[in-house]
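Asker: Sequence:
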Amino acid sequence: MPYKRIKWLILWTPTVTIALWEYIRHTFLLPYLSMDLGNALAPVIVLTVTVTLVYKLFHLLEQTSDSLQRERLAKAAFVEREQLARELHDGISQSLFLLSVKLDKLEHTQDKESVQATAQQIRKTVKHVYDDVRQSIASLRSEPSMTEVQWMQSVEEMAVELRLGGLQVELDWRLTDSDLTSKEKIELLAIVREAMLNVQKHARAKRLIVNAFKAENISAGGFNCTIMDDGIGVDDPALEAKGRYGVRMMRDRANAMGWQFEVGRNDSKDNNQTVGTVVAVTKGG
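For the sequence shown, position 78 (counting from the first letter as 1) is numbered 78 according to the numbering used here, and the numbering increases by one without interruption.
Hints listed in this document are in silico derivations from the structure and should not be mistaken for laboratory results.
Heads up, some of the hints might be wrong.
What the hints assert, rightly or not - Calculated cross-link-like contacts (lysine-lysine; reagent style DSBU-like; alpha-carbon spacing at most 35 Å):
| no. | residue 1 | residue 2 |
| --- | --- | --- |
| 1 | K7 | K112 |
| 2 | K102 | K75 |
| 3 | K112 | K102 |
| 4 | K75 | K7 |
Please work from the sequences and hints to get the whole structure.
Answerer: Dropping the structure here:
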């Protein structure tokens with residue numbers, strides 16, 4: 001029985017009981033019961049109903065309340081697990097992938113100075129992973145603020161990392177600090193970073209283009225952001241394949257913010273190069 005219905009039954013049962021007793025007494029029992037006896041029986045009847053029916057309703061209310069509390073705790077635990085998954089994926093997982101890219105580069109490097117430079121980059125990435133682990137443990141339950149995540153710094157650093165891996169990265173970012181809220185900045189940058197990293201992982205691309213701008217054809221405060229590459233493209237079934245957590249998290253982040261999110265194959269031409277995959281995030285419309 002729904003929680004609210006139980007509360008209404010508890011509230012109305014004594015009132016309905018005394019009203020029903022008075023109706024029966026005056027309609028059927030008045031010739032047999034005196035007024036004093038009827039008045040004396042009224043509280044006894046209400047007490048009897050309260051001890052039986054209302055007591056059971058209170059017990060049912062407690063059970064329903066406990067069930068709702070367990071559901072809230074289960075939901076909170078699920079939210080914590082989702083947050084933990086995002087923390088691990090956005091920080092540690094991405095950093096470890098970049099570390100593997102640098103190790104591959106180190107294996108094929110013959111020049112001593114290049115080896116030293118790559119080793120220095122690896123040490124920097126390892127320190128970054130260590131910092132991510134500490135931050136995830138310390139602030140897993142708190143929402144990161146823009147004092148912790150510098151606006152656009154993470155995307156620019158990602159672009160540098162991908163360029164070191166041989167990918168041509170072009171950034172055309174026309175959104176300013178005042179165009180987005182702190183929450184929007186965090187979520188949009190997380191989506192952009194993940195989309196850029198997916199290009200390095202899966203697209204076999206040579207070129208990556210990131211555009212973000214306010215458009216005249218969308219509502220005030222809206223924006224368009226696209227991440228395009230000239231790789232092998234992607235099919236819809238592949239997006240839902242087991243293990244594709246990145247695409248799923250990007251979509252979840254966009255949906256949670258009320259944004260439109262699209263990802264798929266695009267065979268249009270851009271400067272005579274085929275755009276293999278396009279990820280588009282739009283606010284407004």
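Asker: The structure should be examined with respect to each hint, and the outcome stated for every one.
Answerer: Results of checking the hints against the structure:
no.: 1; hint: K7 / K112; verdict: 77 Å, violated
no.: 2; hint: K102 / K75; verdict: 39 Å, violated
no.: 3; hint: K112 / K102; verdict: 15 Å, holds
no.: 4; hint: K75 / K7; verdict: 24 Å, holds
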